[in-house]
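Student: Assemble the whole structure, with the sequences as input and the hints as a guide.
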Amino acid sequence: MITKHDPEQGESSLQEEIREPLILVDKASADEEDGYATADQTHKSSKGHEWMVYLSTFIAVCGSYAFGACAGYSSPTQSGIMEDLSLSLAEYSLFGSILTFGAMVGAITIGPIADWIGRKGAMRVSSSFCVAGWLAIYFAEGPLPLDIGRLATGYGMGAFSYVVMICCGVSVSFIIGTVLKWRVLALIGLIPCAIVVLGLFLIPESPRWLAKVGRPKDFETALQRLRGKDADISEEKDEIQDYIETLQRLPKAKLLDLFQRRYLRSVIIGIGLMVCQQLGGINGICFYVTSIFESAGFPSNIGTIVYACIQVPITALGAPLIDRVGRKPLILVSASGLVVGCMLTAISFYLKVHEIALDASPILAVTGILVYIGSFSIGMGAVPWVVMSEIFPINVKGVAGGLATLVNWFIAWLESYTFNFLMSWSSYGTFILYGAINALAIVFVIKVVPETKGKTLEQIQAAINA
7 MITKHDPEQG ESSLQEEIRE PLILVDKASA DEEDGYATAD QTHKSSKGHE
57 WMVYLSTFIA VCGSYAFGAC AGYSSPTQSG IMEDLSLSLA EYSLFGSILT
107 FGAMVGAITI GPIADWIGRK GAMRVSSSFC VAGWLAIYFA EGPLPLDIGR
157 LATGYGMGAF SYVVMICCGV SVSFIIGTVL KWRVLALIGL IPCAIVVLGL
207 FLIPESPRWL AKVGRPKDFE TALQRLRGKD ADISEEKDEI QDYIETLQRL
257 PKAKLLDLFQ RRYLRSVIIG IGLMVCQQLG GINGICFYVT SIFESAGFPS
307 NIGTIVYACI QVPITALGAP LIDRVGRKPL ILVSASGLVV GCMLTAISFY
357 LKVHEIALDA SPILAVTGIL VYIGSFSIGM GAVPWVVMSE IFPINVKGVA
407 GGLATLVNWF IAWLESYTFN FLMSWSSYGT FILYGAINAL AIVFVIKVVP
457 ETKGKTLEQI QAAINA
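Residue numbers for the sequence shown follow my numbering, so the first one is 7 and each next one is one higher.
No lab work stands behind these hints, which were simulated from the structure alone. Since this is a predicted model, take the numbers as computed values, not measurements. It is possible that part of the hints are untrue.
[Said to hold, decoys possible] The calculated label-pair distances, taken between Cβ atoms and stated as ranges, are:
#1 E361 to L270: 50 to 58 angstroms
#2 T424 to L204: 48 to 56 angstroms
#3 P319 to A363: 30 to 38 angstroms
#4 T252 to S94: 53 to 61 angstroms
#5 E147 to D263: 44 to 52 angstroms
#6 F145 to E241: 51 to 59 angstroms
#7 E457 to T373: 28 to 36 angstroms
#8 K260 to E89: 48 to 56 angstroms
#9 L61 to E361: 56 to 64 angstroms
#10 E457 to L204: 43 to 51 angstroms
#11 P319 to F145: 44 to 52 angstroms
From the three backbone atoms N, C-alpha and C, an ideal C-beta is built for every residue, glycine too.
Tutor: What follows is the structure, encoded as structure tokens:
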């Protein structure tokens, strides 16, 4: 049945029938939707073939874990790399931040690559870049191969995005990085990437991609392997084919379409949230938290381990709160915590610089950083992406997601590159600046961002354009 669809309205069956992922450029991270990461489907695998579902899930999770390992590498290794390779602060700042530039390029280009060679091919390309990057870092004897390796790992990680496993990768890098040399940590970061490269030979291609490119026999074979040889896949096969046909009927949006009057306020909200998320200090703190503790006079190993241990459980806690509390309240609570964390850290550095209450300074610093990362993990880290997925009609979600990814990674690069220079300028001034940005984020959310919990697209658009 062909359904008419008005791109401005969401009442057609297309809006209810299709829940397309927001970031279409991140094809490799959509494996859960494609069968790689879902075992509880209408057509369940036979017992003898459940291992294929578990293996596919494990391979996808390794990719997400690799993302976190890349992101968490620069913090515990800063002093070791700078000492062993005689890097200046500017050289290490470039090394730390160039990861996000590579991720920006990777996130933009991985979509066309996945459309061309499939989800497995895209994951293999991404993981191969990570393997090559980690090896370049391990063998580096100067800043150039170090930066090339970091750029390559950044490109590879641009395709992975499961939040909880990303946090696990960051946390593990932080913890083991306190006791291992930076070259050894690079080899450990290589392990999940190598598992992905090798494991992809053992699992089937994405059934949806095979259906999309017109390979019906391969499509049925891949789906049957995932569900089990005795499973009835006829209904699911028809659903996937209908889904693909429906997507192909949708009009193709272009970047300039987002700046039409009907979408402009949504663009302002979405991009504004991306700027608030990244410009408030998260990547500077995440990439260089070890040096922050050292500067504050707190034992860096202890602080880094505690930082790593609270990140995962608080992120997991925040997931159910998104629907229970609502998007807007959770962002406001999170941003308020970021302000408090920044101010506590700023006071700590102020006391140290002016030699006031020196015994209290390290405690304030670690408290401020932990409040900061806990607040970010519970709301500001994930909720802006949820809001982005809900404020645009489906026909422009893909291009909106591409623009959001570009802005997000660019701001992440800018903020991570300038962090060490800001700290050299004024340690407490840096955190006052971040606190002020997070305070402005609170004002922005109160004044501009609508609550989207439990609302239809029409209700959300009415609230945005009111």
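Student: Would you mind marking each hint as holding or not holding in the structure?
Tutor: Outcome of the hint check:
Between E361 and L270, the C-beta spacing of about 52 angstroms keeps the proposed range 50 to 58 angstroms intact. Between T424 and L204 the Cβ separation comes to about 39 angstroms, which falls outside the hinted range of 48 to 56 angstroms. The hint said 30 to 38 angstroms for the Cβ distance between P319 and A363, and at roughly 32 angstroms that hint holds. Checked against the hint of 53 to 61 angstroms, the C-beta distance between T252 and S94 comes to roughly 55 angstroms, which is consistent with it.
A beta carbon spacing of about 49 angstroms between E147 and D263 agrees with the range 44 to 52 angstroms that was offered as a hint. Taken as a hint, the range 51 to 59 angstroms holds for the pair F145 and E241, whose Cβ atoms sit roughly 52 angstroms apart. Between E457 and T373 the beta carbon distance is about 31 angstroms. The supplied range of 28 to 36 angstroms therefore holds. In this structure the supplied range 48 to 56 angstroms holds for K260 paired with E89, their Cβ-Cβ distance being about 50 angstroms.
Under the hint 56 to 64 angstroms, the C-beta atoms of L61 and E361, about 58 angstroms apart, fit the expected range. The given range of 43 to 51 angstroms is respected by E457 and L204, whose C-beta atoms sit roughly 46 angstroms from each other. At about 36 angstroms, the beta-carbon gap between P319 and F145 misses the expected band of 44 to 52 angstroms.
Checked against the numbered hints above, the structure violates hints 2 and 11; every other hint is satisfied.
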